[in-house]
Amino acid sequence: MADDATLEKFKACAVEVLQVPAEKVTLEARFSEDLDADSLDLVEFVMALEEAFDISVEESELEGVTTIGQAYDLVTNKL
Amino acid sequence: MPKDIPVRRVVITGLGVVSCVGSGLDRFFDGLFGEAPVGYRYVTDFDPLDYLDPKEARQTDRFAQFSVASAKMALDDAGELGIDPSRVGVIYATGVGGLETLQEQITNLAEKGDRRVSPRLVPMMMSNAGAAAISMRFGFRGPCETVVTACASGTHAIGNALRLIQYGRCDAVVTGGAEAGMTGVGDRQAVGIVAFSNMTALSTEGTSRPFDSRRDGFVIAEGAAALILEEYEHAKARGAHIYAELIGAASTADAYHITAPAPGGIGAISCMELALEDAGITPADVTHINGHGTSTPLNDLAESQAIIHVFGEKTPPVTSIKGITGHSLGAAGAIEAVCVALTIERGLIPPTVGCEEQDPEITIDVVTGGPRTFTPGPVLSNSFGFGGHNGCIVIAPLND
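Note that the protein sequences, when read in sequence, are chains W and S.
Number 79 marks the last residue of the first sequence (our numbering); no jumps.
Number 1400 marks the last residue of the second sequence (our numbering); no jumps.
Worth flagging that the hints you see were computed from the coordinates, not collected in a lab.
Errors might be hidden in some of the hints.
Distance condition first, Cα-Cα at most 20 Å in a straight line; then the derived SDA-like pairs of lysine to any residue [as the list claims (entries may be wrong)]:
#	chain 1	residue 1	chain 2	residue 2
1	S	K1055	W	A48
2	S	K1055	W	S32
3	S	K1112	W	S56
4	W	K24	S	D1053
Partner residues aside, some chain S positions facing chain W, computed with beta carbon under 7 Å [said to hold, decoys possible]:
#	residue
5	G1031
6	K1055
7	R1058
8	P1119
Derived, one-sided and incomplete: chain W residues facing chain S with beta-carbon distance under 8 Å [said to hold, decoys possible]:
#	residue
9	Q19
10	E23
11	E44
Glycine included, each C-beta is placed from N, C-alpha and C at the ideal position.
Let the sequences and hints guide you as you build the complete structure.
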């Protein structure tokens, strides 16, 4: 299930971990190019999502995840 | 140092300080003349966002934030160095490193499990994170190293930085030290404070009284200081403001006990004597000593005995600013070096705040009851650390 509240919670994690303005956290935003996030940032971000949504994400599931939208789908598919 | 090796002269051209008595040079020095508060000494005027962007601040332990802040202040103070960045070094100390980050992440591990330990833990807690942050922030590509010798760290860093310029490897070095291990996690106290308290190293009253007969331990503090050391001819040519000259340094070990000083301060004696020899001066030339003076029963007595041994019964005036700054461990030597540079420039020795009833067994000339004016000449600064590490530096007014 995905709704506005879920998206807001997701965005809040990105704003907190990546320290970027909320308006930059769009589904199209690319972690590296648009949000200046490196691989450790991505690990931290996923940890924050696991905590916020009470889910578990395997490292292998992160392969090929390069945008906010892809990460959002990964999370919402587990809810 | 062997007399037949020609060495270059090294001067201090920039100072920066983050301190519980006030950050910035004037606030810091003025703060040394205030009333000593009771209890742990936190830095209360520091905002990391003045020095780092929000993301950097989040990924940087408080000790490394202090490191960058002190370096920024010192570099601003020094002005444009005009030196190839590959010939600028960073030799910057800490006693412990990112202890707050370590405690926070161990708490996460214990309470939430493996998956909640930050991938930033190692780069945030490692002792060299402060030096690395300075190098990255300002683009200096010369030697970038961290000295870790407990409470002697800051002084040893300055001594090691001196050599890099004397022997020609660097034309300038950012040196100093930082410590910040006093913030706990949740309702738990900082592990460092608890540990020092349990070893009965801390004053039970929270009062620092260096050289006083009632002293019962040190008062823990956080803080940082940075100095820009620069080759003299270069500093002169660019018209830099020169605070003072760093004319000597020494480092010795007690080889005795992990926390107690060697009886009679024999390690401290050898260190002071070597520092004076390195500076090419005699005890009679020393106009003031900025002591280690932690306010612990053992240190202050051993230090006094060592000073008497080197200087005789009539000693130069000795002060310990730890009466008001508390003891910031790996930062202390650097903060005190900044104090010495300002003491020389202003011709005014700050008092040993808290020393009201001088221990009769301590017969050195302690500056108490207010500041003392003096005609600045060479000043010795002492630092002694757990592990039996002794560090001394000699700073003098520029004489050319």
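Item checked: Interface hint compliance - R1058 of chain S to chain W, C-beta minimum distance less than 7 Å -> 6 Å, holds
Check: Are the Cα atoms of K1055 of chain S and A48 of chain W separated by 20 Å or less?
Finding: Between K1055 of chain S and A48 of chain W the Cα gap is close to 15 Å, so the pair holds against 20 Å.
Notebook entry, point to check: Are G1031 of chain S and chain W close enough, Cβ to Cβ, to be under 7 Å, as the hint says?
Noted result: 33 Å, violated
Margin query: Check whether the Cα positions of K1055 of chain S and S32 of chain W lie no farther apart than 20 Å.
Written below: Holds, because 14 Å separates the two Cα atoms, which is no more than 20 Å.
Margin query: Take the shortest C-beta to C-beta distance between E44 of chain W and chain S; is it under 8 Å?
Written below: Hint on E44 of chain W: holds, closest Cβ of chain S at ~6 Å, below 8 Å.
Next item on the list: With a cut-off of 8 Å on the beta carbons, see whether Q19 of chain W makes it to chain S.
Entry: 4 Å, holds
Check: Would the stated hint for P1119 of chain S survive a check requiring a Cβ distance to chain W of less than 7 Å?
Finding: 5 Å, holds
Check: Has the given pair, K24 of chain W with D1053 of chain S, been kept, meaning a C-alpha gap of at most 20 Å?
Finding: With Cα atoms ~17 Å apart, K24 of chain W and D1053 of chain S stay inside 20 Å; holds.
Checklist line | Pair hint outcome, K1112 of chain S versus S56 of chain W [Cα-Cα no greater than 20 Å] | finding: Holds - the C-alpha atoms of S56 of chain W and K1112 of chain S are around 13 Å apart, at most 20 Å.
Notebook entry, point to check: Holds or violated: K1055 of chain S as interface residue toward chain W, Cβ cutoff 7 Å?
Noted result: Constraint on K1055 of chain S satisfied, holds at 4 Å.
Next item on the list: Let me know if the C-beta of E23 of chain W comes in closer than 8 Å to any C-beta of chain S, holds or violated.
Entry: 15 Å, violated
Of the numbered hints stated above, those contradicted by the structure are hints 5, 10, listed in ascending order.
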